[in-house]
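Engineer: So you can see what is in the structure, the chains are spelled out below.
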Amino acid sequence: GQNIDQPTEMTATEGAIVQINCTYQTSGFNGLFWYQQHAGEAPTFLSYNVLDGLEEKGRFSSFLSRSKGYSYLLLKELQMKDSASYLCAVWNQAGTALIFGKGTTLSVSS
Amino acid sequence: KAGVTQTPRYLIKTRGQQVTLSCSPISGHRSVSWYQQTPGQGLQFLFEYFSETQRNKGNFPGRFSGRQFSNSRSEMNVSTLELGDSALYLCASSSPLAEPRTGELFFGEGSRLTVL
Numbered sequence: 000g001q002n003i004d005q006p007t008e009m010t011a012t013e014g015a016i017v018q019i020n021c022t023y024q025t026s027g028f029n030g031l032f033w034y035q036q037h038a039g040e041a042p043t044f045l046s047y048n049v050l051d052g053l054e055e056k057g058r059f060s061s062f063l064s065r066s067k068g069y070s071y072l073l074l075k076e077l078q079m080k081d082s083a084s085y086l087c088a089v090w091n092q093a094g095t096a097l098i099f100g101k102g103t104t105l106s107v108s109s
Numbered sequence: 046k047a048g049v050t051q052t053p054r055y056l057i058k059t060r061g062q063q064v065t066l067s068c069s070p071i072s073g074h075r076s077v078s079w080y081q082q083t084p085g086q087g088l089q090f091l092f093e094y095f096s097e098t099q100r101n102k103g104n105f106p107g108r109f110s111g112r113q114f115s116n117s118r119s120e121m122n123v124s125t126l127e128l129g130d131s132a133l134y135l136c137a138s139s140s141p142l143a144e145p146r147t148g149e150l151f152f153g154e155g156s157r158l159t160v161l
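First to last, the protein sequences are chains A and B. Under the numbering used here, the first residue of the first sequence carries the number 0, and numbering increases by one thereafter. Under the numbering used here, the first residue of the second sequence carries the number 46, and numbering increases by one thereafter.
So that you can see chain B by itself, here it is in the shape it has in the complex (with noise of 0.2 Å):
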């Protein structure tokens, strides 16, 4: 089947901006997690939902923000974007079958942002 799929790849924007990222879960997922990935910080929690609902949220600004939809498929949007929003977005998927705590994230290719 089908994995965790990521859009766009990569893009650039200058600061100010604002962007909004992309995310098509495994099908039958429901849990969709973010995080952030950057060579000094690794990789940093965003915000997880499940069934349209944020379920948590890591410890980012309020331009960081996200959705759900119905189909699971998920979207994050930062806004007023800084120099330092440049990162990996990294989108991760997880089976609602399993037990949440012990079920593994399945990763996207991620979506690499630069800003200028």
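Bound conformation, chain A alone (with noise of 0.2 Å):
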């Protein structure tokens, strides 16, 4: 089966930098999202990674480790609307369904 942790909450200021880390427990191993979920709202995708290594997308990057299970999601430069969840997820091993961690949420204060 899939385990799945990640911090509940988590308070940064604007403007700093913040790592969201998530450890996962997996049969079987074919990628891990992190999602984006704005109260209210619908989750929107923020990053893939398979491989080993760091993913940059703007202010965002994501980190994998596959050998220690392992990966976080960093934040740069914050901003109010940063304040989210940010949920962390897994593939099943059939690679037929997200497993999702219960999310963790970030407050973003100035």
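Please keep in mind that the hints were generated in silico from the structure rather than gathered at the bench. We put the CB at the ideal spot given by N, CA and C, even for glycine. Any given hint might turn out to be false.
[Claimed, not checked] If the Cβ cut is set under 10 Å, some of the chain A residues that face chain B in the computed set are:
1) ILE16
2) VAL17
3) TYR34
4) GLU40
5) PRO42
6) THR43
7) TYR47
8) LEU53
9) ARG58
10) PHE59
11) PHE62
12) ASN91
13) THR95
14) GLY100
[As the list claims (entries may be wrong)] The calculated lysine to any residue pairs, modelled on SDA-like cross-linking and capped at a C-alpha distance of 20 Å, are:
15) LYS102/B to GLY94/A
16) LYS101/A to GLY129/B
17) LYS101/A to GLN86/B
18) LYS80/A to THR104/A
19) LYS101/A to GLN89/B
20) LYS58/B to LYS102/B
21) LYS80/A to GLU13/A
22) LYS101/A to GLY87/B
23) LYS102/B to GLN92/A
24) LYS101/A to ARG157/B
25) LYS101/A to GLU13/A
26) LYS102/B to ALA93/A
27) LYS101/A to SER131/B
28) LYS75/A to SER46/A
29) LYS101/A to PRO84/B
30) LYS56/A to GLY30/A
31) LYS80/A to THR12/A
32) LYS101/A to GLY85/B
33) LYS58/B to LEU158/B
34) LYS56/A to PHE151/B
35) LYS101/A to GLU149/B
36) LYS101/A to THR25/A
37) LYS102/B to THR95/A
38) LYS102/B to ASN91/A
39) LYS101/A to GLU55/A
Two chains, two frames, a set of hints: combine them into the complex.
Structural biologist: Below, the structure written as structure tokens:
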């Protein structure tokens, strides 16, 4: 089966850098996703990692270490609009379902 | 192009009733997944359909069922509603053109069900 752990809440200030960690246990690894979900809205895709290393996309970067079952999402130059829930997810072994962690609620203050 | 559309957006039911939720995927997407989201449990996978076939099912009781039509639209049904079924039900679709394991999910706004 799959198990995903991420911190429940994090706080940060505008302009800062924050790292949201995710550890996972899965019987077969087929890639890891990060999604962003603002309150009352649908989750939206941020990043996908299937190989080890860092993927950078603007202010957001995502890192993966398959040997450690570990990923992080790095948010730079934080803005108030980055206040949201960040969801880590991995494919199930069959590749037919994304299994999500419970999400990390990030609060950005001025 | 239009995104994933879910109806109804909000609904209130009482215990013992049943409910049907509808999802229209992005045009051309043939895979539709359903998730239940609650504050305590987060996003939990219900089931996934591809070309009218259920390919995977999460760990939910048989009261939760779904189907997909030939036009890829999907419905999920919950019978004999319980208070604990109060949740946001999210539908997501993905493109058949991408390798399934890399294809991102596009989520609808969800149907918020309240059971009294």
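Engineer: All hints, please: hold or fail.
Structural biologist: Hints, verified against the model:
no.	hint	verdict
1	ILE16	violated, 25 Å
2	VAL17	violated, 20 Å
3	TYR34	holds, 8 Å
4	GLU40	holds, 7 Å
5	PRO42	holds, 5 Å
6	THR43	holds, 7 Å
7	TYR47	holds, 6 Å
8	LEU53	violated, 18 Å
9	ARG58	violated, 19 Å
10	PHE59	violated, 14 Å
11	PHE62	violated, 18 Å
12	ASN91	holds, 7 Å
13	THR95	holds, 4 Å
14	GLY100	holds, 7 Å
15	LYS102/B to GLY94/A	holds, 12 Å
16	LYS101/A to GLY129/B	holds, 18 Å
17	LYS101/A to GLN86/B	holds, 6 Å
18	LYS80/A to THR104/A	holds, 13 Å
19	LYS101/A to GLN89/B	holds, 9 Å
20	LYS58/B to LYS102/B	violated, 25 Å
21	LYS80/A to GLU13/A	holds, 10 Å
22	LYS101/A to GLY87/B	holds, 4 Å
23	LYS102/B to GLN92/A	holds, 13 Å
24	LYS101/A to ARG157/B	holds, 18 Å
25	LYS101/A to GLU13/A	violated, 24 Å
26	LYS102/B to ALA93/A	holds, 11 Å
27	LYS101/A to SER131/B	holds, 17 Å
28	LYS75/A to SER46/A	holds, 15 Å
29	LYS101/A to PRO84/B	holds, 9 Å
30	LYS56/A to GLY30/A	holds, 17 Å
31	LYS80/A to THR12/A	holds, 12 Å
32	LYS101/A to GLY85/B	holds, 8 Å
33	LYS58/B to LEU158/B	holds, 7 Å
34	LYS56/A to PHE151/B	holds, 19 Å
35	LYS101/A to GLU149/B	holds, 18 Å
36	LYS101/A to THR25/A	holds, 16 Å
37	LYS102/B to THR95/A	holds, 9 Å
38	LYS102/B to ASN91/A	holds, 11 Å
39	LYS101/A to GLU55/A	violated, 24 Å
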